[in-house]
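> Based on the sequences and whatever the hints tell you, model everything.
As a plain string of letters, each chain reads:
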Amino acid sequence: GESVGLHLPTLSVQEGDNSIINCAYSNSASDYFIWYKQESGKGPQFIIDIRSNMDKRQGQRVTVLLNKTVKHLSLQIAATQPGDSAVYFCAERNRDDKIIFGKGTRLHILP
Amino acid sequence: GAVVSQHPSWVICKSGTSVKIECRSLDFQATTMFWYRQFPKQSLMLMATSNEGSKATYEQGVEKDKFLINHASLTLSTLTVTSAHPEDSSFYICSAREGTSNQPQHFGDGTRLSIL
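The listed protein sequences correspond, in order, to chains A and B.
At position 99 of the first sequence (counting the first as 1) the number is 99 in this note's numbering, and the numbers step up by one without a gap.
All you need for this note's numbering is the position in the second sequence, starting with 1, plus 1000.
It cannot be assumed that every hint is accurate.
Derived SDA-like pairs (lysine to any residue); straight-line CA-CA distance at most 25 Å [what the hints assert, rightly or not]:
1. A:K42 / B:T1078
2. B:K1041 / A:V13
3. A:K98 / B:R1112
4. A:K98 / B:N1051
Calculated directly from the structure, the hints in this document are not laboratory data.
Computed from a predicted structure; not experimentally measured.
Here you go:
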């Protein structure tokens, strides 16, 4: 069946360093992927997306990489700040045009 | 930007009562709305999808008689948890999309439901 998962439940990063959050997906037919940030007690916030015809997309301080060969997605956050502390979810749009979420990675920023 | 508002943000009620959660799109017309449930330290699980004026489509394992969804207008969808029990306690999040699947999906800030 379809599933989107994450390798690490928790990631601790020194403030100022770069963060890399990974995600594996199983549905090779997925054509659209999204990264969300969720702060405590709030709904998910869109960060960046990428379509399957691309392998890299950059935003402000964030980069998403897509490797369709191994069905792997990553989110890179440059110069991590305290405000980046949150749970990050990768998600995919399935063939029914629904957004399906992965398990989530908690990003913890060390002072 | 597009805003999705949920009300209430937090509700506590006794076991056996029914609870209604509202989801509104404030500055766009939500052709399609989605309801998710999130248990502590877990991911968002899609419960159902509703299109304005049509019956909701429920995901496998979600009881339609337990979670009543109404999407009567292009700016409002409601989720009613009927005869709620402690195991229904969760964080319920709605999402709305205007037009086709190529349009972005906007999320509300969730409703924390606690059943005593």
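> Each of the hints needs a verdict: does it hold here or not?
Each hint, compared with the structure:
1. A:K42 / B:T1078: holds, 19 Å
2. B:K1041 / A:V13: Holds, at roughly 20 Å.
3. A:K98 / B:R1112: holds, 23 Å
4. A:K98 / B:N1051: holds, 13 Å
When each numbered hint is compared with the structure, no violation occurs for any of them.
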